[in-house]
Amino acid sequence: MEILPVIAITAQSQVHSEASKYLTGIPLMEKTTSVQCHYERDRSIRFFKHRKGFTAYTLDHGIHTVFMLNVDEQVENTSIKLARELVFELRDTPPLSQSLTADSWVNSALYKFGGPDLQFESQTFSGTIEISEMKDNGDCHGLIHLKFTNPAIDRVGLNQADLDISF
Amino acid sequence: MTSTKPPTPPKAGNGDNPANSVVVKCPMIEDGNEFEQKLIKDAHKKAKDMIDSAINNCLEKAKSQPNGLVSNFFGINGTADEDKKKLDQLIKNYQKIQSGMDKASYEVEHEEITPGEPYKVAYVYTLPLIHGIGDVHTVFPAFAMGTDDDRASTLVHEMSHYAVGTEDHAYDWETTKWNKLTQKQKMDNADSYGNFASDCYNSTKSGT
Chain U
4 MEILPVIAIT
14 AQSQVHSEAS
24 KYLTGIPLME
34 KTTSVQCHYE
44 RDRSIRFFKH
54 RKGFTAYTLD
64 HGIHTVFMLN
74 VDEQVENTSI
84 KLARELVFEL
94 RDTPPLSQSL
104 TADSWVNSAL
114 YKFGGPDLQF
124 ESQTFSGTIE
134 ISEMKDNGDC
144 HGLIHLKFTN
154 PAIDRVGLNQ
164 ADLDISF
Chain D
440 MTSTKPPTPP
450 KAGNGDNPAN
460 SVVVKCPMIE
470 DGNEFEQKLI
480 KDAHKKAKDM
490 IDSAINNCLE
500 KAKSQPNGLV
510 SNFFGINGTA
520 DEDKKKLDQL
530 IKNYQKIQSG
540 MDKASYEVEH
550 EEITPGEPYK
560 VAYVYTLPLI
570 HGIGDVHTVF
580 PAFAMGTDDD
590 RASTLVHEMS
600 HYAVGTEDHA
610 YDWETTKWNK
620 LTQKQKMDNA
630 DSYGNFASDC
640 YNSTKSGT
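So the sequences go chain by chain: U and D.
Here our numbering is used: the first residue of the first sequence is 4, the next is one more, and so on.
Here our numbering is used: the first residue of the second sequence is 440, the next is one more, and so on.
Bound conformation, chain D alone:
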């Protein structure tokens, strides 16, 4: 196995970067062409913004005022002590996901799409107790097919498996399963984390 050193972040205050600028760390990406690497970098950055938004614009605020998205995705409807405990747990989980994103490295894979069959887009290896191990695997051309939001939301979804150990109880488009999720399952469902972060980010941006 070859080892690759992570890129050195630019130093603040060296003329190119003002001392007060925000330095965005580039994730380490194994393999892939320039186009594929750019898609991953953009999705990585947007996923981090979505997670920030989930924590600061929706979950923290839901402690004092009920939030429709928090209610829809996680079944937390009020601001009672019991609700605040669940919100704190969610915030902790998103912080773990954010920390996982900071350390994430990616591997580019290629796999042909079989006509008429569902196909892999991204995945991680998961083990009991320690959760994620190794890289986040992105599978092309499938990873390139969706929108920027889809890709970023997929990374939040995968990182929730990796850093929190969430399960796939239901995807949002699986009507029967999604509608039957219990509150406990919603707190442990990877697609709830990915979609909530995306919706919170977009609703904040649009001011709704």
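So that you can see chain U by itself, here it is in the shape it has in the complex:
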């Protein structure tokens, strides 16, 4: 019975501590990363300038395969979402589980990131791509090691950005 007050005080201070975390804004929530890949065969990418200045795209009929990758980092119980979007067109239908050099295999690509506003955008790239699985429902898996340079949008002067991701 005598330890009850101690428990009460501990519980109260825990509640207070949790509240303080919210109110003082110390970022301590868990970060989660989600990666989504989708592909479409017999397509080509057509880029165009959005009226707000960034590059957008549509998919036209074509003879290649277009991959669209979205990587989101979110922090639990906050509005923080940092997003990356990559779209690239691979020549024909790529062989699976082989490291493909961007020079030989990637016709065009667009990499962007930000949250909420766009912070970086580039279409100049080098590196490798390996597609390990292309499911019938459009899901895809693989590895990407690409360096994007010569950005068209670069809000803080990063000049280049690496994208190393397993998806």
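One should not assume that every hint holds.
To be verified - Below, a sample of chain D positions facing chain U; criterion: calculated Cβ distance under 10 Å: (1) Gly-507; (2) Gln-528; (3) Val-560; (4) Pro-567; (5) Glu-597; (6) Tyr-610; (7) Trp-612.
Unchecked claim - Among the chain U residues that face chain D by a calculated CB cut under 8 Å, a handful are: (8) Lys-34; (9) Thr-35; (10) Tyr-60; (11) His-64; (12) Asn-80; (13) Lys-84; (14) Glu-88; (15) Phe-116; (16) Gly-130; (17) Gly-141; (18) His-144; (19) Pro-154; (20) Ala-155; (21) Arg-158; (22) Asp-165.
It should be emphasised that the hints constitute simulated quantities derived from the structure, not laboratory data.
For every residue, glycine included, the Cβ atom is placed at its ideal position computed from N, Cα and C.
Following the hints, complete the assembly by docking chain D onto the known chain U.
Leaving out everything else, chain D in the frame of chain U:
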């Protein structure tokens, strides 16, 4: 924790402020230097103007005449009863955002930008059911990097999370996700609220 009293608004009719002048309440800002505080105050004021414009210049008018921006951002194309219900819901949401702005307090944070990585600009804490809690957090130097419009639109975006409980279904520059938004998702998407308010404000100003 220290408590800070909000600044007392100037009294109307005291000689400095004519009785019919509009008194703009300054938001409470914790920390930050003079330059950072000024950017927040300016963005706060512009965000309020953008929200006013969204309600009065675009959404109210869309009840009698279809509006291109309302159609683009929220997928409401006509003036039928069903459309008017959705417009009323949007107006209510923007009113909540405006009321949230009136009570908003800001906290200035500093965080280094990692080369090649996306970085935080502003955020709020959100909890299920009660939505936002605490201050609106502005992260420098990132918050200072964009234009006045970007900063104001970001505050509308964040306040929509805070006051309405919107989600981040897609940012406007995420082509694939943005184009796949359903009408229901558009009504619940923070970036739709921020960008619509900014576009409505600017199109009204330019008379287009």
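Here is what the structure says about each hint:
no.: 1; hint: Gly-507; result: 12 Å, violated
no.: 2; hint: Gln-528; result: 21 Å, violated
no.: 3; hint: Val-560; result: 7 Å, holds
no.: 4; hint: Pro-567; result: 9 Å, holds
no.: 5; hint: Glu-597; result: 6 Å, holds
no.: 6; hint: Tyr-610; result: 5 Å, holds
no.: 7; hint: Trp-612; result: 4 Å, holds
no.: 8; hint: Lys-34; result: 11 Å, violated
no.: 9; hint: Thr-35; result: 13 Å, violated
no.: 10; hint: Tyr-60; result: 6 Å, holds
no.: 11; hint: His-64; result: 17 Å, violated
no.: 12; hint: Asn-80; result: 6 Å, holds
no.: 13; hint: Lys-84; result: 4 Å, holds
no.: 14; hint: Glu-88; result: 5 Å, holds
no.: 15; hint: Phe-116; result: 4 Å, holds
no.: 16; hint: Gly-130; result: 13 Å, violated
no.: 17; hint: Gly-141; result: 12 Å, violated
no.: 18; hint: His-144; result: 18 Å, violated
no.: 19; hint: Pro-154; result: 11 Å, violated
no.: 20; hint: Ala-155; result: 12 Å, violated
no.: 21; hint: Arg-158; result: 5 Å, holds
no.: 22; hint: Asp-165; result: 5 Å, holds
In terms of the numbered hints stated before, the structure departs from hints 1, 2, 8, 9, 11, 16, 17, 18, 19, 20, listed from lowest to highest.
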